[in-house]
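Student: Chain residues, written in single-letter form:
Protein chains: 2
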Amino acid sequence: MKTEKAKNVPAGPVKEKEAKGVTMRVLMSEKDGAPNFIMRIFEIEPGGFTVYHTHPWEHEVYVLEGKGAVRQKGRDYPIEKDSFVLVTPDEEHQFLNAGNTPLTFICVIPRPAPKE
Amino acid sequence: MKTEKAKNVPAGPVKEKEAKGVTMRVLMSEKDGAPNFIMRIFEIEPGGFTVYHTHPWEHEVYVLEGKGAVRQKGRDYPIEKDSFVLVTPDEEHQFLNAGNTPLTFICVIPRPAPKE
Chain A
1 MKTEKAKNVP
11 AGPVKEKEAK
21 GVTMRVLMSE
31 KDGAPNFIMR
41 IFEIEPGGFT
51 VYHTHPWEHE
61 VYVLEGKGAV
71 RQKGRDYPIE
81 KDSFVLVTPD
91 EEHQFLNAGN
101 TPLTFICVIP
111 RPAPKE
Chain B
1 MKTEKAKNVP
11 AGPVKEKEAK
21 GVTMRVLMSE
31 KDGAPNFIMR
41 IFEIEPGGFT
51 VYHTHPWEHE
61 VYVLEGKGAV
71 RQKGRDYPIE
81 KDSFVLVTPD
91 EEHQFLNAGN
101 TPLTFICVIP
111 RPAPKE
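Residue numbers (the numbering used here), protein chains in the order written: chain A, 1 to 116; chain B, 1 to 116.
I should point out that these hints are in silico values taken from the structure, not numbers from a laboratory. It is possible that part of the hints are untrue.
Any copy, or any two copies together, can satisfy a pair, since identical chains are not distinguished.
Derived pair list, reagent style EDC-like, types lysine to aspartate or glutamate, alpha-carbon separation capped at 20 Å [what the hints assert, rightly or not]:
1) K67 with D82
2) K2 with D82
3) K15 with E43
4) K5 with E65
5) K2 with E80
6) K7 with E65
7) K31 with E91
8) K31 with E45
9) K67 with E80
10) K81 with E65
11) K17 with E92
12) K15 with D76
13) K2 with E91
14) K20 with E92
15) K7 with D32
16) K81 with E43
17) K2 with D90
18) K2 with D32
Quick caveat, the model's predicted, so the values are computed rather than measured.
Using the sequences and the accompanying hints, generate a full structural model.
Tutor: This is the structure we're talking about:
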């Protein structure tokens, strides 16, 4: 068993250079003995966004703080604290902060990841 | 894609009769096109608890509100808002509300579930 406060996990930048103002904390992964999926927390600063992209695995997202949107095919779907989002495999998506405070959300992905 | 507010998902009692004061919302599952894992929200009222048990799948937990503990082999590990907990497969565990307000947490489990 592992239990910890999320703020005690170091935050690092995401790898995609096209993202703006996004950091990530990996809370639980295969390194901790989690066999099937990884729980991460993303924080997007005001005006920031993740990459608009697609991949063959799903996201299960839960918004902890802030206001923003999920963008898909030119349409923005509003999200805020206590919204959840399922992005199914191969769906285009982008997360944006549309507020004046950080947008923070949990995002769970499967492991091992399906092949791209 | 599916996005919704968690409060708009109906809450129902958990199936285990030995639990006390526990309700559950299923946010995202295979019914929604989520192939690998299910995100649920549990709410435990003050004085309530889940069953002390074990099973061959993991939990990835994130606490949204309240104060409580995870009990394992007679020891209580405190949890509160923004704590996370990894319970690996076959570990004994029980969640308890140790506060005066509801204890609410996300709990992710794999699908299909490993055989018991």
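Student: So, for every hint listed, does it hold in this structure?
Tutor: Do the hints match the structure? See the list:
1. Within a single copy, K67 and D82 get their C-alpha atoms as close as 10 Å, and across copies as close as 18 Å, so both meet the 20 Å cut-off.
2. Taking the shortest alpha-carbon separations for K2 and D82, only the inter-copy value of 14 Å comes in at or below 20 Å, while the best intra-copy value is 24 Å.
3. In this homomeric assembly, K15 and E43 come within 20 Å of each other (Cα to Cα) only inside a single copy, at 14 Å, whereas the closest approach across copies is 35 Å.
4. Taking the closest pair of Cα atoms, K5 and E65 come within 20 Å of each other both inside a single copy (16 Å) and across two copies (13 Å).
5. Taking the shortest alpha-carbon separations for K2 and E80, only the inter-copy value of 14 Å comes in at or below 20 Å, while the best intra-copy value is 28 Å.
6. For a Cα distance limit of 20 Å, the shortest separation of K7 from E65 qualifies both inside one copy, at 14 Å, and across copies, at 15 Å.
7. In this assembly of identical chains, the alpha carbons of K31 and E91 lie at most 20 Å apart only when taken from different copies (17 Å versus 28 Å within one copy).
8. When the C-alpha separation of K31 and E45 is checked against a cutoff of 20 Å, the pair qualifies neither within a copy, at 28 Å, nor between copies, at 33 Å.
9. Proximity of K67 to E80 under the C-alpha cut-off of 20 Å is restricted to the intra-copy arrangement: shortest distance 4 Å within a copy versus 23 Å between copies.
10. Taking identical chains as interchangeable, the C-alpha atoms of K81 and E65 lie at most 20 Å apart whether they share a chain (5 Å) or sit on different chains (13 Å).
11. In this assembly of identical chains, the alpha carbons of K17 and E92 lie at most 20 Å apart only when taken from the same copy (18 Å versus 42 Å across copies).
12. Taking CA atoms no more than 20 Å apart as the test, K15 paired with D76 passes in neither setting, with 24 Å inside one copy and 38 Å between copies.
13. Taking CA atoms no more than 20 Å apart as the test, K2 paired with E91 passes between copies only; the shortest distance there is 11 Å, against 32 Å inside one copy.
14. Only within a single protomer do K20 and E92 lie at most 20 Å apart by alpha-carbon distance; the minimum there is 18 Å, versus 42 Å between protomers.
15. For a Cα distance limit of 20 Å, the shortest separation of K7 from D32 inside one copy, 17 Å, qualifies, whereas the shortest one across copies, 31 Å, does not.
16. Proximity of K81 and E43 under a CA criterion of 20 Å is satisfied in both settings, with 13 Å inside one chain copy and 17 Å between copies.
17. Proximity of K2 and D90 under a CA criterion of 20 Å is satisfied inter-copy only: 14 Å between copies versus 32 Å inside one chain copy.
18. Within a single copy, K2 and D32 get their C-alpha atoms as close as 8 Å, which meets the 20 Å cut-off; across copies the closest is 30 Å, which misses it.
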